[in-house]
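Visitor: These are the residues of each chain, in order.
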Amino acid sequence: MAVQLDFGVVLERWPELVRGTAATIGLALAGMALALVIGIAGVAVLRGKNRIGHAVVRAFVEVIRNTPFLVQIFFIFFALPLAGVRLNPTVTAIVALGLNGGAYAIEIIRGGVEAIPTGQTEAGLALGLRPSEVFRFIILKPALRSIYPSLVSQFIMLTLTTSIATSISAYELTSVAQRIDGDTFRTFEVYFTITVIYLLVSWGMMAMFAAVSRRAFAYPTR
Amino acid sequence: MFARLLSGTTSRAVLTAALLALPLAGAAQARSLEEAKASGTVRIGIQADNCPWGCLGSTGQAQGIDAEIGRALAAHLGVEAEFVPMAVANRIPALTADKVDVLIASLGITAERAQSVQFSQPYAENELFVTAVKSQALPDLAALSDKAVGVPRSTPMDTILTAQAPTDATLQRFDDDASTIQALLSGQVDAVGANQFYIQRLETARPGEFENKFPIGALYQGIGTRLGEADWNNAVNTFLDDHLSSDEFKAAYSEWLQIDVPDLPESIDSVSFTVAQQ
Amino acid sequence: MIGPQELAFLGRGLMWTLALTAIGFTGGIVFGFLVALARVSPLKWLRWIAAGWIAVFQGTPLLMQLFVVYFGLPLLGFSPPAWGAVAVALTAHASAFLGEIWRGAIQAVPGGQTEAAHALGLGYRARMRDVILPQALRLSLPATIGFLVQLLKGTSLAAIVGFIELTRAGQIVSNQTFKPLLVFGLIGLIYFLLCWPLSRLGRRMELRLAAATAR
Numbered sequence: 006m007a008v009q010l011d012f013g014v015v016l017e018r019w020p021e022l023v024r025g026t027a028a029t030i031g032l033a034l035a036g037m038a039l040a041l042v043i044g045i046a047g048v049a050v051l052r053g054k055n056r057i058g059h060a061v062v063r064a065f066v067e068v069i070r071n072t073p074f075l076v077q078i079f080f081i082f083f084a085l086p087l088a089g090v091r092l093n094p095t096v097t098a099i100v101a102l103g104l105n106g107g108a109y110a111i112e113i114i115r116g117g118v119e120a121i122p123t124g125q126t127e128a129g130l131a132l133g134l135r136p137s138e139v140f141r142f143i144i145l146k147p148a149l150r151s152i153y154p155s156l157v158s159q160f161i162m163l164t165l166t167t168s169i170a171t172s173i174s175a176y177e178l179t180s181v182a183q184r185i186d187g188d189t190f191r192t193f194e195v196y197f198t199i200t201v202i203y204l205l206v207s208w209g210m211m212a213m214f215a216a217v218s219r220r221a222f223a224y225p226t227r
Numbered sequence: 074m075f076a077r078l079l080s081g082t083t084s085r086a087v088l089t090a091a092l093l094a095l096p097l098a099g100a101a102q103a104r105s106l107e108e109a110k111a112s113g114t115v116r117i118g119i120q121a122d123n124c125p126w127g128c129l130g131s132t133g134q135a136q137g138i139d140a141e142i143g144r145a146l147a148a149h150l151g152v153e154a155e156f157v158p159m160a161v162a163n164r165i166p167a168l169t170a171d172k173v174d175v176l177i178a179s180l181g182i183t184a185e186r187a188q189s190v191q192f193s194q195p196y197a198e199n200e201l202f203v204t205a206v207k208s209q210a211l212p213d214l215a216a217l218s219d220k221a222v223g224v225p226r227s228t229p230m231d232t233i234l235t236a237q238a239p240t241d242a243t244l245q246r247f248d249d250d251a252s253t254i255q256a257l258l259s260g261q262v263d264a265v266g267a268n269q270f271y272i273q274r275l276e277t278a279r280p281g282e283f284e285n286k287f288p289i290g291a292l293y294q295g296i297g298t299r300l301g302e303a304d305w306n307n308a309v310n311t312f313l314d315d316h317l318s319s320d321e322f323k324a325a326y327s328e329w330l331q332i333d334v335p336d337l338p339e340s341i342d343s344v345s346f347t348v349a350q351q
Numbered sequence: 020m021i022g023p024q025e026l027a028f029l030g031r032g033l034m035w036t037l038a039l040t041a042i043g044f045t046g047g048i049v050f051g052f053l054v055a056l057a058r059v060s061p062l063k064w065l066r067w068i069a070a071g072w073i074a075v076f077q078g079t080p081l082l083m084q085l086f087v088v089y090f091g092l093p094l095l096g097f098s099p100p101a102w103g104a105v106a107v108a109l110t111a112h113a114s115a116f117l118g119e120i121w122r123g124a125i126q127a128v129p130g131g132q133t134e135a136a137h138a139l140g141l142g143y144r145a146r147m148r149d150v151i152l153p154q155a156l157r158l159s160l161p162a163t164i165g166f167l168v169q170l171l172k173g174t175s176l177a178a179i180v181g182f183i184e185l186t187r188a189g190q191i192v193s194n195q196t197f198k199p200l201l202v203f204g205l206i207g208l209i210y211f212l213l214c215w216p217l218s219r220l221g222r223r224m225e226l227r228l229a230a231a232t233a234r
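Protein chains in written order, with the working numbering: chain A, 6 to 227; chain B, 74 to 351; chain C, 20 to 234.
By construction, these hints were calculated from the structure, which means they are not laboratory data. Just so it is clear, the structure is predicted and the values come from calculations on it, not from any experiment. Keep in mind that the hints are not guaranteed to be accurate.
To be verified - Pairs of lysine-lysine residues, derived as DSBU-like cross-links and limited to a Cα-Cα distance of at most 30 Å, are as follows:
#1 C:198 x B:220
#2 B:207 x C:198
#3 B:323 x B:110
#4 B:207 x B:220
#5 A:146 x A:54
Using the sequences plus the hints, can you model the full thing?
Guide: Structure below.
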């Protein structure tokens with residue numbers, strides 16, 4: 006009994022694959038945006054003087070970085086409603102992705118910020134910039150430029166992590182794959198196809214980030 | 074590669090041909106009944122967390138009506154039963170990929186599944202319902218309008234509700250029964266597509282809160298074997314011929330399913346319970 | 020309630036989590052070493068193959084890698100038990116990530132050292148073994164430990180193919196006891212207690228390394 010591979014029954018469902026891919030990209034972008042906000046806010050707190058704030062951010066980073074995403078998303082979806090917080094699957098996925106990516110973003114951004122020589126901050130203050138302006142122009146932008154590569158690889162990871170959201174019934178590419186598999190039982194073909202799509206999505210994301218970097222972080226030439 | 078293929082004016086036939094209906098060299102020869110007997114074990118796919126059908130007890134041993142039938146089948150064949158825990162989604166792939174010899178995994182007999190699996194004659198009945206909290210008025214399918222309804226992915230509950238629920242009902246598909254029940258308990262869905270045992274499990278969790286609203290169909294479970302493999306199919310049918318009328322089976326059925334053995338149908342849709350003779 | 024039986028069940032799941040991590044990490048070290056060497060090889064085609072291997076595993080979800088290996092191996096005529104398929108997938112995954120980490124470390128060893136070793140008449144093997152790799156190993160330790168933490172957390176995805184490791188065991192207990200808050204909290208705590216010391220160790224090494232290389 007030779008095994009026959011048949012990709013036709015999978016590929017003929019291409020409209021669903023396209024919708025699922027779009028949903029995956031949407032989840033990823035929303036997750037990244039939230040992660041970036043959490044990352045920047047977290048670093049701002051860490052640079053501030055509030056001791057409790059420090060402790061909360063540190064604990065958040067350690068807990069998120071040292072537990073699996075699957076456990077985190079289960080916790081938010083199945084357990085938090087018992088504590089009165091009920092989020093639908095898509096929102097749960099975005100929040101989980103944002104919290105997870107945010108913890109890593111805090112670490113990455115903090116590293117970049119700490120690498121800025123203090124003399125630069127002092128120079129900014131001496132020029133009469135307000136502390137918030139110093140943070141924005143002298144710390145944040147150069148720091149973002151130097152940490153950009155790490156942030157991008159973290160965001161690619163975040164994109165790939167969206168596949169886990171299927172386990173709380175969120176709609177994205179992997180959930181589409183599981184439906185097609187349920188109808189066709191062409192399991193290997195389905196997951197092989199989906200894997201190729203993920204590869205294209207992550208390569209596309211990398212190309213997009215490279216383009217952003219060329220525009221956003223170019224030093225003035227004059 | 075994928076995008077280019079899609080953007081072309083390819084029809085399905087061309088796609089299929091282009092993307093190779095490819096016989097892999099050295100592909101697996103699935104294990105035959107003789108080989109299983111020689112090895113002294115039969116590998117039985119069973120659900121890991123879906124009692125009273127099949128589950129692993131807290132010490133890891135297989136339990137449930139499926140486990141009882143599995144052990145009786147092994148005894149009938151004169152071998153040891155080796156239970157392999159399955160998730161809902163990988164039951165059939167695990168069988169076709171020769172990871173197990175037979176599936177006794179609360180597998181409802183449907184025409185779609187019969188395209189991929191050879192079913193035996195049925196050994197149990199499973200009634201399907203829409204289930205929700207008592208305070209919610211849900212007289213019929215139309216009342217599901219605008220509601221979030223949980224179903225275990227790719228099960229008959231999924232198929233039936235996908236086809237029959239109002240279009241503005243949101244179907245949320247979970248990996249298995251357990252997650253679906255958990256979603257109802259957590260209030261993540263308003264109702265679920267349930268089999269006859271959800272209510273028992275909901276009662277254990279929160280007594281008196283939930284009820285079956287209306288039936289959406291009935292399913293009959295069969296033992297799954299690989300398509301075209303008459304040796305396995307014959308063996309399980311022969312086993313069931315005797316076993317279904319035995320006191321041992323009746324006792325196990327009422328112990329686990331809390332009801333007497335119902336009348337099981339002679340035929341279902343257009344599904345054949347035996348491998349066609351060639 | 021969660022009694023001794025449930026805890027014992029979680030304990031067995033934990034053993035599988037540790038076993039899968041150990042197998043994946045050990046296999047990843049062996050094959051990742053080969054991937055790293057291929058990646059910095061003088062042979063162009065070998066560099067290409069290694070780069071492709073790394074790109075595929077870093078560009079696709081671990082969950083898909085598990086699915087493809089789990090359902091693909093039988094098509095190739097192998098039928099390993101579930102843990103075997105998961106172990107193969109984790110090993111391949113780890114080899115790509117560790118290979119890339121070590122490539123970076125090998126290339127971070129200053130080029131002058133290779134030239135010096137050349138000048139001393141050392142061949143490829145002696146150069147790698149006695150000069151480059153010992154330094155690269157030291158440089159790569161923090162990132163290697165960081166990946167070990169990722170891998171340990173990644174084993175939780177074996178739950179989705181139905182393999183009963185710690186997370187899946189937690190799901191099952193949660194569904195029997197209907198105490199998801201407690202059970203998933205407990206599961207999270209167990210992972211944390213495993214991963215946190217490793218993360219701290221990695222960070223301490225990183226700081227020591229930074230202090231040692233700072234001038």
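Visitor: Look at each hint and say if it fits the structure.
Guide: Going down the list of hints, with the structure as the test:
{"no.": "1", "hint": "C:198 x B:220", "verdict": "holds (25 Å)"}
{"no.": "2", "hint": "B:207 x C:198", "verdict": "holds (22 Å)"}
{"no.": "3", "hint": "B:323 x B:110", "verdict": "holds (27 Å)"}
{"no.": "4", "hint": "B:207 x B:220", "verdict": "holds (15 Å)"}
{"no.": "5", "hint": "A:146 x A:54", "verdict": "holds (22 Å)"}
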